[in-house]
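The residues making up each chain are set out below.
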Amino acid sequence: MSTAEQAERREPVARTAVSVALAVSAYGISYGALGVTAGLDVWQACVLSLVMFSGGSQFALVGVIAAGGAAAGPAAIASATLLGSRNAIYAMRMGPIIGRGWVRRLVAAHLTIDESTAVATAQKELTEQRKGFWLTGILIFVGWNIATLAGALLGNVMGDVSRYGLDAAAAAAFLGLLWPRLSALQPVAVAVAAAVVATVLTPWLPPGLPVIAAALVAVIVGLTNWGAR
Amino acid sequence: MTLWAIVIIASIAGLAVKISGYLVPAEFMEREKPSRVAGLLTVALLAALVATQTLASGQQVEVDARVPAIFVAAVLFVLRVPFILVIVAAALTAAIIRATIGG
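Listed in order, the protein sequences are those of chains L and F. Numbering follows my numbering, in which position 122 of the first sequence is assigned residue number 122; successive positions increment by one, without gaps. Numbering follows my numbering, in which position 33 of the second sequence is assigned residue number 33; successive positions increment by one, without gaps.
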């Protein structure tokens, strides 16, 4: 993702926040459209954006529902939640930056996502970090939810979204989130192994479970720290 | 399980995960193992999602227009093209292939 790179270029934090929010919001349209094509109604797609508010998890949930329907519910919930577990790590990193007061921390928790954390942690001064976090988080929240509603309404009239390549867009979005994390041998090895495990298990397990099974690769490698140096 | 139940449970779980991070004492994060597992978990899940989103159709593995699309996306990410342009290029690639030669 270009988030961290943009932040690294030392643009004024407000400009970074706006450009990141615009990019993310634009792809909220494809989330909304994919959501209704997967079988959610417009309001269900919108509730996910309002309450879950974590793009990767939302795409994961919608992807599993598209493949397995409501019967794949437990696997859909599990993939979305596991993928969202990185937000807990971001939250731990943001905790000292956000400061005290439970209302403030509760609102901050809701806005704790890849982009708000990336923009905040790329700043040097505490005030800039705070500004980056809140500005990015709030702008994306507003943009993402408007885009979701627009995409969901659009998806209803578009019919088969694969005609417009939106399924490929979702795959590319996951790749874009993955890309900046492939900075060392260990994550690359885990990514390749996880992709192979998920693909090989696809014909044998109900939709959603191959992705969960692939997560085991990370747990095993993470606990043993195999491949690190 | 109804779709509403899935949406509500998953939404609350996602929010609870975020809140939990603000409740954990800062020292836990400095421990190596939990943060390493969480980091690799994200990598594994995203890689598995790229694979299934590109190759799976329900429970079948299918090579279709999504494969060239993800290849185009990978090349553009290497070239450091901005995120949103890559997404659009991937969608266009799949759409054009489907409109012309099918798949």
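Heads up, some of the hints might be wrong.
Unchecked claim - Facing chain L, from chain F, some residues (calculated, C-beta under 8 Å): (1) Gly-58; (2) Ala-69; (3) Arg-98; (4) Ile-101; (5) Gly-102.
Said to hold, decoys possible - Partial list, computed: chain L residues near chain F (C-beta under 10 Å): (6) Ala-72; (7) Ala-91; (8) Met-92; (9) Ile-98; (10) Leu-149; (11) Ala-150; (12) Leu-153; (13) Leu-154; (14) Val-190; (15) Ala-193.
I should point out that these hints are in silico values taken from the structure, not numbers from a laboratory. The C-beta atom is built at its ideal place from N, Cα and C for all residues, glycine as well.
Structure-inconsistent hints, enumerated in ascending order: When the structure is compared with the hints, numbers 4, 5, 10, 11, 12, 13 turn out to be violated.
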